[in-house]
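Number of protein chains: 2
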Amino acid sequence: MTLALAHSPALAPAPVPAARVTPYLALDPTVAVRRFRMLARTLPGTAVHYAVKANPHPALLAALAGAGCRFDVASPAEVRACLAAGAVADDLVYSNPVKRRDDITESAALGVRLFVVDSPEETRKVAEAAPGSEVLCRIVTSGEGSDWPLSRKYGCSAPQAVEILTLADALGLGAAGISFHVGSQQRDPGAWASPVAAAARVFAALAGRGIRPWLLDLGGGFPAHHEGGAPPLAAYGAAVETALRRSFDDAGLPRPRTLVEPGRSVVGDAGEVVTTVVAVLHRGDTRWVYLDAGVFTGMVETLDEAIRYRLATSADGGPTGPCVLAGPTCDSADVLYEKRPVQLPLALAEGDRVVLRSAGAYSTCYSTVGFNGFDPMPTVLVSR
Amino acid sequence: MTLALAHSPALAPAPVPAARVTPYLALDPTVAVRRFRMLARTLPGTAVHYAVKANPHPALLAALAGAGCRFDVASPAEVRACLAAGAVADDLVYSNPVKRRDDITESAALGVRLFVVDSPEETRKVAEAAPGSEVLCRIVTSGEGSDWPLSRKYGCSAPQAVEILTLADALGLGAAGISFHVGSQQRDPGAWASPVAAAARVFAALAGRGIRPWLLDLGGGFPAHHEGGAPPLAAYGAAVETALRRSFDDAGLPRPRTLVEPGRSVVGDAGEVVTTVVAVLHRGDTRWVYLDAGVFTGMVETLDEAIRYRLATSADGGPTGPCVLAGPTCDSADVLYEKRPVQLPLALAEGDRVVLRSAGAYSTCYSTVGFNGFDPMPTVLVSR
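Top to bottom, those sequences are chains A and B.
Each residue of the first sequence is one higher than the one before, counting from 34 in this note's numbering.
Each residue of the second sequence is one higher than the one before, counting from 34 in this note's numbering.
Keep in mind that the hints are not guaranteed to be accurate.
If you anchor each label on the Cβ, the simulated ranges turn out as follows [said to hold, decoys possible]:
{"hint": "1", "chain 1": "B", "residue 1": "315", "chain 2": "A", "residue 2": "355", "range": "45 to 53 Å"}
{"hint": "2", "chain 1": "A", "residue 1": "77", "chain 2": "B", "residue 2": "318", "range": "36 to 44 Å"}
{"hint": "3", "chain 1": "A", "residue 1": "262", "chain 2": "B", "residue 2": "275", "range": "56 to 64 Å"}
{"hint": "4", "chain 1": "A", "residue 1": "240", "chain 2": "B", "residue 2": "339", "range": "44 to 52 Å"}
Derived from the structure by calculation, the hints contain no laboratory data.
Even for Gly, the Cβ is constructed at its ideal location relative to N, Cα and C.
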């Protein structure tokens, strides 16, 4: 049953009271738990740390913690949320490579022991603010093959990582190992091969200096069910295992402990954004559909039309046609899909429901505080 | 003194307690009141309706209402905020051209009488939800010359506006007139000429049908002091007056009442975002400066590097060099300026202050609810 869920692009929408005021995120934490377990089975021996930034809802964190999931955090507030949900501080990885000094101090005081860095400056900062901690050094990847690539802002080269981890060791930190991120909603399971090989080169070089890193953070990037499809999770497990075998086992290097930081692939399919059509207008030859949710109520990942949600409507069944999909605010940037219009029923009219599927990740957390006077997107807990 | 303020690009930063926790918006409502009065003087006979969406802080709205400013609103929440600040409902224009039906009903119940439409569908909706109201029909403009053009999402052609206002009249609505928007941070005062001429054609055509529109909404677009400069406000007043004279007076058409909907030009210069440097890193040949505020704490207008804030730092005075400016979240999209790097002091280091000037508009209102566990940007009221 879990496997059927993993492979089916047609998740049944949650039963939704027709009278409920939209928009909202219908979130089912049990789906996230199933996805966590599937990832854990797919990556045997690899610890799964859910990326809290994707959706920090307390009920979600509690369900995941209860199922044995660990967490990936980016701030003291996320540390506190995980501890409140029942996680232990030793099971957290603080993956933000550039941190406020007081945030490091506070997180260390809360018990966090593992921090990601990607520069000598940040390594010194961690050594001063959280002496004796363990550090992972983040290396850069190409981001190729992902819908939301991350390559510009973080990460160093493999040779730089050798120097940074050597510095960490000299400063009394634990040179734990390497982290990387192949980009969010990564459609190519082969994307892990190159950074795993780079990590192995760093591990080998450090061993030559008498430093023994022990941990490899394989990042996130595992997909949710967005438009365009992606290989099943099992394909990612197989590709990661192949990469580890080739770069470590076959090369005679001791294989490090491994962890992953999935966000979207855990909670994406666990949520649906339920909206109502405000208007259907014809502007020239173009049909414009205006929803009561948009970029500023959380659908930020539609910027540049990067993430394409699968859509379902209360008017489904008849013929469809292209339309531009827009949000409710006065802002011209509040347009979800225009360059590549979406196909929606020709019968779609004011008052119909439009559901954005697999929208549990990077949606409510991106909502504004209330731009144009529209409330932030609320979450409604559901059970399927 | 007020004029000196208008023309000087070098507003003195507000005195800021060094110990205060950043980031925050330092907001001085008295500056917004001065800007409102300057706009009112520059556009004699034109009613000034502050666009609440730019910054809805209650103290700001109260100061503006107390000075006689009217308001432009986009939702019932903004209507209620204006009424709470002391505005009267008759002085509000509801300028969101595509509205939820229940939002129209609620706003009409609160006393709003003037709604913007841009389609036959929306005109019928207003006629049903707020019978007997007055409507302005929004026509499309090119957006040329503005930093944040608005042309895609709203507006109809002038011939369509004639039909829509004729329909409004037939449905028992008041066909009040025309609205348009030349795009936010519009650097060309001449941008008003073409839409004013188009509006005059609509007024003339309607007069031929026995319908007498009486109101012209000249929109917003008046600038704040961002990088790159813009003509003084007086140049906009002169250009608007010339456009009205040519298209109405010289054409023998009765000149309508006029209103403007400034947001940025009222509150932009009244606020500064105060941030702290989290880290200065060298990635290859590039210097990266990480601040404790970014895209997800409200600096959304830096997307595509559209709005370029003037910057001041606590390390100013020595030599400067280019750098990329990034925000504090793990998100790769949280980069303010990269394609066109900014010039900042070479001495800039962790813990220094970086102030984003003229950031009172479209900043706090765009802040997320707390992405990555970082709080929404707070506002601190100051007085210069």
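Evaluation of the provided hints:
{"no.": "1", "hint": "B:315 / A:355: 45 to 53 Å", "result": "47 Å, holds"}
{"no.": "2", "hint": "A:77 / B:318: 36 to 44 Å", "result": "43 Å, holds"}
{"no.": "3", "hint": "A:262 / B:275: 56 to 64 Å", "result": "57 Å, holds"}
{"no.": "4", "hint": "A:240 / B:339: 44 to 52 Å", "result": "49 Å, holds"}
When each numbered hint is compared with the structure, no violation occurs for any of them.
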